[in-house]
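Those protein sequences? They're chains A and B, same order as listed.
Quick note on numbering: the first sequence equals residues 110 to 216 in this note's numbering.
Quick note on numbering: the second sequence equals residues 110 to 216 in this note's numbering.
Because the hints were derived from the structure by calculation, they are not lab data.
Note that this is a predicted model, so its numbers are computed, not measured.
You may find that some hints are simply not true.
Since the list gives no way to pick one copy over another, a pair counts as held whenever it fits inside one copy or between any two copies.
Said to hold, decoys possible - Using 25 angstroms as the maximum straight-line C-alpha spacing, the simulated SDA-like pairs for lysine to any residue come out as follows:
#, residue 1, residue 2
1, LYS172, LEU139
2, LYS160, SER204
3, LYS188, THR131
4, LYS120, ILE162
5, LYS160, GLU142
6, LYS133, GLU123
7, LYS127, LEU139
8, LYS185, SER167
9, LYS172, ARG134
10, LYS185, ASP113
11, LYS127, VAL181
12, LYS185, LEU169
13, LYS122, SER167
Protein chains: 2
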Amino acid sequence: MFGDISGMMGKLKEAQQKVEETKKRLDTVLIDEAVANGNVKVTVTANREIKAISIDESLLEDKEELEDYLIVALNKALKRAGEINEQELALAAKSGMPNIPGMDLFK
Amino acid sequence: MFGDISGMMGKLKEAQQKVEETKKRLDTVLIDEAVANGNVKVTVTANREIKAISIDESLLEDKEELEDYLIVALNKALKRAGEINEQELALAAKSGMPNIPGMDLFK
């Protein structure tokens, strides 16, 4: 099972490199979200960085409403970003790793 | 080195459980950030969920400025949240794991 330790180490290094590459690539994956009939639009990366927020003039009259819409839109976008991020990094981390039944540290 | 496989599996399961517990706990760790002399204040959890956004009335007159301030404040808060998140999860994942020099999948 662990006969080839150096081979296993090589595969771990490889997986590590793939994780780093994937992290960089996720900066270029953009997620758009809109609420309030498009009056609040946000764009975030799959690394959960906010790239753009667009607020319609009509929402500037009610501060509380605007704050609530922003929270909803951003959390929706960040949730999707987090899901994509975890999936992609798990895939990269798993590449070349042995499959141990019942074990899934990267889920 | 791998003499006690079942002992190692037990430690992996333990680490996995600690990761899950830590994820839950990070929902209660709050990070505050303020920009524009406190005219934009945000609160996020260490799991990168936005809990509060507070905008001063004075910023409602300039939409573009407001959007920019929001992006800066939120990204500052999310960056700190991400750092805390990674540190805490790495610590949990490492608990009981063997230390292999040159290998750090959880950094």
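Hint check results:
no., hint, result
1, LYS172 - LEU139, "between (27 angstroms within a copy, 23 angstroms between copies)"
2, LYS160 - SER204, "neither (30 angstroms within a copy, 36 angstroms between copies)"
3, LYS188 - THR131, "both (18 angstroms within a copy, 18 angstroms between copies)"
4, LYS120 - ILE162, "neither (41 angstroms within a copy, 44 angstroms between copies)"
5, LYS160 - GLU142, "both (12 angstroms within a copy, 18 angstroms between copies)"
6, LYS133 - GLU123, "within (16 angstroms within a copy, 31 angstroms between copies)"
7, LYS127 - LEU139, "within (20 angstroms within a copy, 32 angstroms between copies)"
8, LYS185 - SER167, "within (22 angstroms within a copy, 27 angstroms between copies)"
9, LYS172 - ARG134, "neither (36 angstroms within a copy, 31 angstroms between copies)"
10, LYS185 - ASP113, "neither (45 angstroms within a copy, 45 angstroms between copies)"
11, LYS127 - VAL181, "neither (33 angstroms within a copy, 30 angstroms between copies)"
12, LYS185 - LEU169, "both (21 angstroms within a copy, 24 angstroms between copies)"
13, LYS122 - SER167, "neither (53 angstroms within a copy, 53 angstroms between copies)"
In the structure shown, a violation is registered for the earlier hints numbered 2, 4, 9, 10, 11 and 13, in ascending order.
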